[in-house]
Amino acid sequence: MSNVIKGVFGAVLGVLYGGLGMLQIVSAVTYLALPFVPASFFGGFVLLVIGAVLLTGARKFAQGLDEGVVFVNVGILLSVAFGAVTLLAAGAGALEAVIAEEAWSIADAITPAVYLAVIGAAGFLAWCRTFFRGLVAA
Amino acid sequence: MTGIRIALTGNPNVGKTTLFNALTGSRQHVGNWPGVTVEKKTGRIDWNGHAIDVIDLPGTYSLTAYSADEVVARDYIIDENPDVVVQVVDATNLERNLYLTTQLAELGVPVVIALNMADAAEAGGYAIDREKLSALLAIPVVRTVGTRGEGLDGLLDAAIREAETSPHHEHTVGYGNDAEAMIASIVDVLSADKDLTKRYPLRWLAVRLLEGDENALAKIRDSPAFTGVQALLSGIDPDEYEAAMADRRYEMIAAVLPQVRTAGAGGMNVSEMVDRVVTDRYLGIPIFLALMWGAFELTFAVAAPFVALIEAGLAWLSATVAGSIEPGWLASLVGDGIIGGVGAVLVFVPNIFILFLILSFLDDTGYLARAAFIMDRLMYAIGLPGKAFIPMLIGFGCNVPGIMAARTIEGEKDRLITILVNPFISCSARLPVYILFAGAFFGAGAGGVVFLLYILGIAAAIGSAKLFRHTILPGESSPFIMEMPPYRLPTAWTSLLHMWSRGAMYVRKAGTIILVGALVVWCLASLPFGVDYGSSASLAGALGHLLEPLVAPLGFDWKIAVALLFGFVAKEVVVGSLGVLYGTGEGGDALSMALLADPGLSAATALALMIFVLLYTPCLATIATIRKETGSWRWAGFSVAYGLVLAWLLALIVGHIASLFLGGA
Ligand SMILES: Nc1nc2c(ncn2[C@@H]2O[C@H](COP(=O)(O)OP(=O)(O)OP(=O)(O)O)[C@@H](O)[C@H]2O)c(=O)[nH]1
Ligand SMILES: [Mg+2]
Numbered sequence: 001m002s003n004v005i006k007g008v009f010g011a012v013l014g015v016l017y018g019g020l021g022m023l024q025i026v027s028a029v030t031y032l033a034l035p036f037v038p039a040s041f042f043g044g045f046v047l048l049v050i051g052a053v054l055l056t057g058a059r060k061f062a063q064g065l066d067e068g069v070v071f072v073n074v075g076i077l078l079s080v081a082f083g084a085v086t087l088l089a090a091g092a093g094a095l096e097a098v099i100a101e102e103a104w105s106i107a108d109a110i111t112p113a114v115y116l117a118v119i120g121a122a123g124f125l126a127w128c129r130t131f132f133r134g135l136v137a138a
Numbered sequence: 001m002t003g004i005r006i007a008l009t010g011n012p013n014v015g016k017t018t019l020f021n022a023l024t025g026s027r028q029h030v031g032n033w034p035g036v037t038v039e040k041k042t043g044r045i046d047w048n049g050h051a052i053d054v055i056d057l058p059g060t061y062s063l064t065a066y067s068a069d070e071v072v073a074r075d076y077i078i079d080e081n082p083d084v085v086v087q088v089v090d091a092t093n094l095e096r097n098l099y100l101t102t103q104l105a106e107l108g109v110p111v112v113i114a115l116n117m118a119d120a121a122e123a124g125g126y127a128i129d130r131e132k133l134s135a136l137l138a139i140p141v142v143r144t145v146g147t148r149g150e151g152l153d154g155l156l157d158a159a160i161r162e163a164e165t166s167p168h169h170e171h172t173v174g175y176g177n178d179a180e181a182m183i184a185s186i187v188d189v190l191s192a193d194k195d196l197t198k199r200y201p202l203r204w205l206a207v208r209l210l211e212g213d214e215n216a217l218a219k220i221r222d223s224p225a226f227t228g229v230q231a232l233l234s235g236i237d238p239d240e241y242e243a244a245m246a247d248r249r250y251e252m253i254a255a256v257l258p259q260v261r262t263a264g265a266g267g268m269n270v271s272e273m274v275d276r277v278v279t280d281r282y283l284g285i286p287i288f289l290a291l292m293w294g295a296f297e298l299t300f301a302v303a304a305p306f307v308a309l310i311e312a313g314l315a316w317l318s319a320t321v322a323g324s325i326e327p328g329w330l331a332s333l334v335g336d337g338i339i340g341g342v343g344a345v346l347v348f349v350p351n352i353f354i355l356f357l358i359l360s361f362l363d364d365t366g367y368l369a370r371a372a373f374i375m376d377r378l379m380y381a382i383g384l385p386g387k388a389f390i391p392m393l394i395g396f397g398c399n400v401p402g403i404m405a406a407r408t409i410e411g412e413k414d415r416l417i418t419i420l421v422n423p424f425i426s427c428s429a430r431l432p433v434y435i436l437f438a439g440a441f442f443g444a445g446a447g448g449v450v451f452l453l454y455i456l457g458i459a460a461a462i463g464s465a466k467l468f469r470h471t472i473l474p475g476e477s478s479p480f481i482m483e484m485p486p487y488r489l490p491t492a493w494t495s496l497l498h499m500w501s502r503g504a505m506y507v508r509k510a511g512t513i514i515l516v517g518a519l520v521v522w523c524l525a526s527l528p529f530g531v532d533y534g535s536s537a538s539l540a541g542a543l544g545h546l547l548e549p550l551v552a553p554l555g556f557d558w559k560i561a562v563a564l565l566f567g568f569v570a571k572e573v574v575v576g577s578l579g580v581l582y583g584t585g586e587g588g589d590a591l592s593m594a595l596l597a598d599p600g601l602s603a604a605t606a607l608a609l610m611i612f613v614l615l616y617t618p619c620l621a622t623i624a625t626i627r628k629e630t631g632s633w634r635w636a637g638f639s640v641a642y643g644l645v646l647a648w649l650l651a652l653i654v655g656h657i658a659s660l661f662l663g664g665a
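Sequences listed follow chains A and B, in order.
So the first sequence is numbered by my numbering: it starts at 1 and just counts up by one.
So the second sequence is numbered by my numbering: it starts at 1 and just counts up by one.
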């Protein structure tokens, strides 16, 4: 049962990542301004990669392969990791704006990498036990 | 007080250097991949009235050495007779590690096993019965955790005890009737040579000879027993014996393991899950690229507020200097020369530290080793072993250790190619140039431009490797099976320490080489007396105009020509020189403002300049290292010439194409 949920979760999140990744790339190439979707070619590429990992997982689920869960799990990890990276970068941007006395708005920080990572993080918390097995502190 | 020499040996990536650092208080480089240490390093400690020399050796899977770094380890153990050999063993991977143990036992040297990474084994659910293991191998076994410095006292005590007891009980593998008969007859022939008998254990030598070991053969070449041994070996196939005897060793290990180890619960852990995905056939390289891009985003974004602070500080400093120092030339020396030159480089300290923090993190977790694995197929396609990607990864920090890391490459031609392409990997010293120019001319796209430059560096390295393979260094390389270190969650502390030790070098360079470079350029810009500072009439101007025709096709003016010339010393000097020449003693982000205001510079020339800086000789130290590692000035000269030509051509082509799109040039 939990596996079916995870498969669907991976498929939905994967489609969202893929779609918004496309939009970012399109708006970077065509200078189209969209709300909450920054024009960023490489940023879009990253979203596409995460989407591809999640969708690969969903596909394997659909084929009845156990490996699907592995891809969805790692997709969730990547989603959270890049969400954190983007948030960190946005926080630094805010700090810089304060130091250099420039304008800054919270809207700049609301990008797909961040709001999709919120969904990813929900998945991470829901299945968090799988993520800590066998990991060793160096 | 007695002196004791302890050699640390073991498979690659088992934590030898970590233990060495913990024992001796050194800071040798540690990395979560095989082949980090390529030279032997010695450290001295006093312990309970003993003066102990600890020697850290490169990792090796067996005493039959194949690559240059393995030879270092083997020769030290066999020929330098350390008082005791500590074999560092990865407790999570006993199968592969105990193979070396069987060979060391045969050699008859006093051995102590440091059962390292005990924490990882325990976390993985393994329990290892050390007493049983010790009894079965007749070797003391001590539990250690190198990263936390656990078990060091016990290790030293055991090592001293072993060094001082004699004789040692050797506990060697039996190779079966056939091989044993051959060994016995070889030993018989060898024992006629008393000199040999004194130097090497004959059984060990006989085994090596039977396996067809070239190095062992060389050891007896001058011995009177040589012809006799040759006669014995003439009818046999050494490969067959080598394989059969290796089987026996593994059988022995397989017999020991179940008696000493209870395995943990099954199931895929996170490490295995992540591996399955990041090394996926199709997704592996895209994920690698995505992570790299994330790394540069962070390098830019997170550093920005700190850079802004430093800029503000420098602006204040130069304003103070300008107002309070007399006479004018001294104010110019301090303002234009020191603050302008060194300050321009120091501004980027936050970027450098963050880049190193990210690289250390990726390295410590074990991801960089995976990156090498992912690239294996690509590397193999261009005719290099996948291992050759590791020197490239190290080159992202600095090309000098990157080139030295090529010692892990087995074939001589493979190694040469790996060395020659390493300078194209963009080292951290080039980052300030990119940040300065990309930041000034590409605004929000700066991160993407820098990312592309790094990719271009990798492409230039791979393309050149393919070119060399098909022209001057033809051949085929053997496929390589890479061992993957487990993922580890590095503590913030280890990563910070790594970052600090690498980043501190940058700051030190700013205070030495770059300071000197800035002062030289300042002198050139101020002389002859009475000339307008930094004008065409100065010595710097004369020098620049002399070089200008060479770089004019690329759209560079004399100031850039001078900066590039001094950039041979080190790449940060390019930024330092420009800081001096543009006379931006006002500090702050004045240099990027001055560059933007220069009508001779456009986004296209900035791009051409960054490409030129990416591809031409990284620094004098790199040239010296290439000379040292290849043993010839010819290759060093070739590297400089090839780099210059490639840099010039690509800068020209890209500059012209870019000027079509971006305008200017
Ligand atoms: N969990 C754990 N990690 C360790 C321990 N000792 C070392 N490490 C980690 O293992 C990795 C390899 O350590 P090194 O000391 O570079 O290994 P080495 O044997 O010198 O490797 P080469 O020089 O490549 O042969 C690093 O990431 C260390 O932080 C340990 O006892 N426990
Ligand atoms: Mg080492």
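None of these hints come from the bench; they were simulated from the model.
Misleading hints may appear alongside valid ones.
Per label pair, the in silico range of CB-to-CB distance [stated by the list, open to error]:
(1) A/L87 x B/G313: 26 to 34 Å
(2) B/D75 x A/Q63: 39 to 47 Å
(3) A/A84 x B/G530: 56 to 64 Å
(4) A/A103 x B/L289: 27 to 35 Å
(5) A/Q63 x B/L257: 53 to 61 Å
(6) A/A81 x B/A246: 37 to 45 Å
(7) B/I45 x A/L65: 50 to 58 Å
Covered stretches of chain A, going by a simulated chain B footprint (3 or more residues, C-beta under 8 Å) [what the hints assert, rightly or not]:
(8) 4–10
(9) 30–36
(10) 64–73
(11) 104–113
Glycine is no exception: its CB is placed at the ideal position from the N, C-alpha and C atoms.
Against the structure shown, which of the earlier numbered hints fail to hold, in ascending order? 2, 5, 8, 9 and 11
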